[in-house]
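As a plain string of letters, each chain reads:
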Amino acid sequence: MSAVTPIDLPVDAEQKKVLARGERRAETGFAKGAKRRLTSRGATIAALVIAILWTIPTFGLFVSSFRPANEVRTTGWWTIFSNFGLTIDNYVTVLGSGNSQLTLADAFINSIAITLPATAIPLVIASLAAYAFAWMNFRGKNVLFIGVFALQIVPIQMALVPLLQLFSRGEIFGFPVIAALGQSGYAQVWIAHSIFALPLAIFLLHNFIAEIPGEVIEAARVDGAGHGQIFFRIVLPLTMPAIASFAIFQFLWVWNDLLVALIFADGAVAPMTKLLAEITGSRGQDWHLLTAGAFISILVPLIVFFSLQRYFVRGLLAGSTKG
Amino acid sequence: MSTFLLWLSTLPALAQVPIIIAAFVALVGVLIFFIEIAPRRGRVYTILRLAACVLIPLLILAALESYTIAIIAAGVLGVLFFWLDYRSSEGAGYLFQLVGFLAPAIVLLIIGLVVPTIQTTIQAFLNARGDTFVGLDNFVWIFTQPQAVRTVLNTIVWVLIAPVVSTIAGLAYAVFIDKSRGEKYFKILVFMPMAISFVGASIIWRFVYTARPAGEQQIGLLNQIIVLFGGQPVTFLAVDPWNTIALIVVLIWVQTGFAMVVLSAAIKGVPAEQMEAAELDGTNAWQRFINVTVPGIRSSLVVVLTTISIASLKVFDIVRTMTAGANNTSVIANEMYTQFKNFEQGRSAAFAVVLFLLVLPIVVYNARQIKKQREIR
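Residue numbers (our numbering), protein chains in the order written: chain D, 112 to 434; chain L, 3 to 379.
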């Protein structure tokens, strides 16, 4: 099984520079003219229009979240300059509001507490399995691997209810198998997210790990390294880019998830998405609160996105141009 | 384990994070330790391996608190490891190592995905309480109730519109900004919605769509524009066939950035020589785009269309947050959750099965596509 190493794809800044340089050198006469016509003024204007269209909704939300409640309710955010006034009251209010069990500030903490373990745990388990699939020989390896890949077909909706029964009553098919988890905080959400992340994580990490040159592994084996040592000393460091990108992916996915949270995180452990959805349902017209609340929930992913954008895009390409 | 987790849940939220991760890492450390010593020869290591065959069942006992499983595990482990490793051509302890690497993932996948899928499929043929076999009743209910039929049709509308529009928009944008000045910033602007949760995106768009009675000042951007041109304010999320489109726009808004990033990378991979050759043949920009660029990025197009199709089949958060399925906007994933909340487990499971059947062909097609590419290479 060979696969494109997403590191090679021309996406990160360095690669892009190299590519641009190489192409500029290769372009002569015709090609240069073609390029110029392709990026004509019309195209640039069209791009600009799309970019503005795509940004305005978020921008409107951002502006609104800082306007006084009464202004938000009665005037559009684009009138900000004719009736100027900014406040952070909305943020203070919304952080304190919520349902009977927790406030949005608590839910923010919950989101963090859910997201970090739910990112770390599946990555470790998946990289162990990916190593075995890539560098250990056993009968039925390919069949098993295809089986794991095929599990991506299963929509998580299929697994939610039985998994909930397993957690709350410890039963599979009605037979008691494990001790019920009961009211044990975040455990259900952690386990559920870890399981749902596994098929894709194993598949992507396997593609990376299998690309490591066989000579490197052989050399280590000749020097007397066992599988454990090879995994730690060679495979893990070389797979770091893939692990980083998938970690960002998983982080955003868990942070932004609503469905798993609705089923597995009830009451006092609910994350922010769940509380926000609740507030939207019950107080749909309190725009000053909704805009501020939404912006708080967007904040962490945006920080992650802007600071680690390079790796994030790389991870996307790893997931999409697999093959 | 449940005792540990119960104790853990009494701690402050953020204190739980390092503790659970530390406990998990310690567990993995023990696992790696046994993996590492498994293949070594000598009496000490044999004793250690034997110890592992006692220790691992004990750990299982602690984790699951079920004696039956622990005893079965001890028996299976002891016999399997030593008999098979004795005969293994890969050397002593090999099977031991293999199980160490694979077991955590495989066990979790079986418990969390394989068994539940079977259970849900069976559930779909049972009644609401899950104790009587009712045959195809749940599916008959789905395809005879106008409301439920509408739900399935809506899902199909989603999967027909959202992937195509966002792929075309993403492709157009990727072509427009290709090699233009400030390409990086152009990309960030459109890609940004990817980082925003569907719940956040829903709130953003509810604000854009919001309507106020005619005569009052509008606060929703779209209605302001309509009023500006002399129209009457429209309640976008209430008018029947169009409210689904209004929801689809949100998904398109989120997914276009994804399509754009992937297709942009693919466009850069189209060989410059082919473009030059086409140029020499006297083609114009549009002909080159259709005849050179599009065939060159075909596989990426398939991947993008597939990914967004699956996302739109499973769409839940947007519908839940914006309308909760009111005014004929419900989709399968949302209806499944609603039925589950109404204690109609059979119908809920039936919806899940329908969703599974809709996703199935798309993924199978994609898997075959990947296989074909591998054969070419």
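None of these hints come from the bench; they were simulated from the model.
Quantities reported herein were computed from a predicted structural model and do not represent experimental measurements.
Misleading hints may appear alongside valid ones.
Partial selection, computed: residues in chain D whose CB lies under 10 angstroms from chain L [said to hold, decoys possible]:
1) Ile163
2) Gly207
3) Ile267
4) Ala331
5) Val333
6) Ala388
7) Gln420
8) Tyr422
9) Phe423
Take a look, some chain L residues computed to stay more than 10 angstroms from chain D by CB distance [as the list claims (entries may be wrong)]:
10) Leu33
11) Pro41
12) Pro106
13) Val159
14) Asn330
For each residue, glycine too, the CB sits at the ideal point set by N, CA and C.
Comparing the hints with the structure gives:
no.	hint	verdict
1	Ile163	holds (8 angstroms)
2	Gly207	violated (17 angstroms)
3	Ile267	holds (8 angstroms)
4	Ala331	violated (13 angstroms)
5	Val333	violated (14 angstroms)
6	Ala388	holds (5 angstroms)
7	Gln420	holds (7 angstroms)
8	Tyr422	violated (13 angstroms)
9	Phe423	holds (8 angstroms)
10	Leu33	violated (8 angstroms)
11	Pro41	violated (6 angstroms)
12	Pro106	violated (5 angstroms)
13	Val159	holds (18 angstroms)
14	Asn330	holds (18 angstroms)
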